[in-house]
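K.L.:
Here is how the chains run, residue by residue.
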Amino acid sequence: RKEVEQDPGPFNVPEGATVAFNCTYSNSASQSFFWYRQDCRKEPKLLMSVYSSGNEDGRFTAQLNRASQYISLLIRDSKLSDSATYLCVVSRSGGYNKLIFGAGTRLAVHP
Amino acid sequence: EAQVTQNPRYLITVTGKKLTVTCSQNMNHEYMSWYRQDPGLGLRQIYYSMNVEVTDKGDVPEGYKVSRKEKRNFPLILESPSPNQTSLYFCASRTGLNSPLHFGNGTRLTVT
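The listed protein sequences correspond, in order, to chains A and B.
The opening position of the first sequence corresponds to residue 1119 in the numbering used here, with each subsequent residue numbered one higher.
The opening position of the second sequence corresponds to residue 523 in the numbering used here, with each subsequent residue numbered one higher.
Only chain B is shown next, with the shape it has when bound in the complex (with noise of 0.2 angstroms):
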């Protein structure tokens, strides 16, 4: 089954405890992005990736890390987490810059 996959679903973390989640596509796709969903502020997109080893920055990039090692793994990578980093996480990719984004299906992050 074409799809792709994030894990944690959810996470509880303290302030400054770094963490990773994962993201991993099987569709062969290219391009990978992260975004983020707040309540009223819609999808932002936070880190785009559109080839293994070719990452950028998007919307809201501050306090986030990423990497593409790999062509299916994209992971998200939060180095001293903070309280407003609280949020609904989606990593998505693509086949092609015309593309539909296809979801995983997400990862509820808690910092206190």
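Bound-form chain A, shown alone (with noise of 0.2 angstroms):
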């Protein structure tokens, strides 16, 4: 089993619309949590940290759920511009408190 697991997609929506993302790791004891935004061939650029209470930004929604543990982010009125790939990120608990990346999720907004 992967730490760190997210559906691929792509997925398609239209502008306006709500979507969800959920990423799942296998650590427990993980400590940060992570949401970030890669455009094609592009640096990953931090989108949003996520907290234990569930955090808000904007458009931007992030939840984290200890018990199950996963984390989802959530879109709402997507723009063609949230069109990416967005990445859940988890530490792995150690010395370094190294950040393990899942694979990504696509995210294709039309009009």
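Mixed in with the good hints there might be a few duds.
As the list claims (entries may be wrong) - Here are a few chain A residues that sit away from chain B, every Cβ distance over 12 angstroms (derived from the structure):
| no. | residue |
| --- | --- |
| 1 | N1130 |
| 2 | S1150 |
| 3 | D1195 |
Said to hold, decoys possible - Derived Cβ-Cβ restraints for the label pairs, each shown as a range:
| no. | chain 1 | residue 1 | chain 2 | residue 2 | range |
| --- | --- | --- | --- | --- | --- |
| 4 | A | K1163 | B | V574 | 25 to 33 angstroms |
| 5 | A | C1158 | B | T527 | 19 to 27 angstroms |
| 6 | A | S1186 | B | K579 | 29 to 37 angstroms |
Calculated directly from the structure, the hints in this document are not laboratory data.
Don't be surprised by glycine CBs; every beta carbon is placed ideally from N, CA and C.
With the hints as a guide, bring both chains together as one complex.
P.N.:
See the structure below:
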């Protein structure tokens, strides 16, 4: 089983739609969680950190479920510019607290 | 502007010809690391460094070397590149163990 698993998609949605991605992780001791966005052939960019109580940043909402070991990302009112690959990132417990990346979920928003 | 700078952006080379990809950050971050990204496999860590002169292997270190002689620089060295090292490489840094990573803009390497 992979440490961090994501549905690769693609998720094809119309503008204005609400879309949600889930990401499961295997290490129950993980402490840090993030969502990154990556455009084709470019560097990953931090979208948001994920906190235990859940957090929101504009149209984006992230949640953490420790009991079931998954994090989620909800995008409301999708824009064409949201088309990208979304990477789930989870820490591996240990001295360096290494960050482990999921393979990504591709989102395509169409007019 | 706070950034991580990698060079070169694109590199085509032949098997066995030593090469170095440079990485520099201006944020005074202690932690730096190198990743490679391949289709379907996601980002995999090659090497990381927790401070000057402190480096350690990541998940896929074979065929790579690194050094950390100064805090801001963390070059990736391929002593004898092979075609299976054709990939997209990213350098990244972060300020603390619970902090997110800041990435450089990538180096696309092709080894023929």
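K.L.:
Are there hints from earlier that the structure breaks, and if so, what are their numbers?
P.N.:
Structure breaks hint 2 only.
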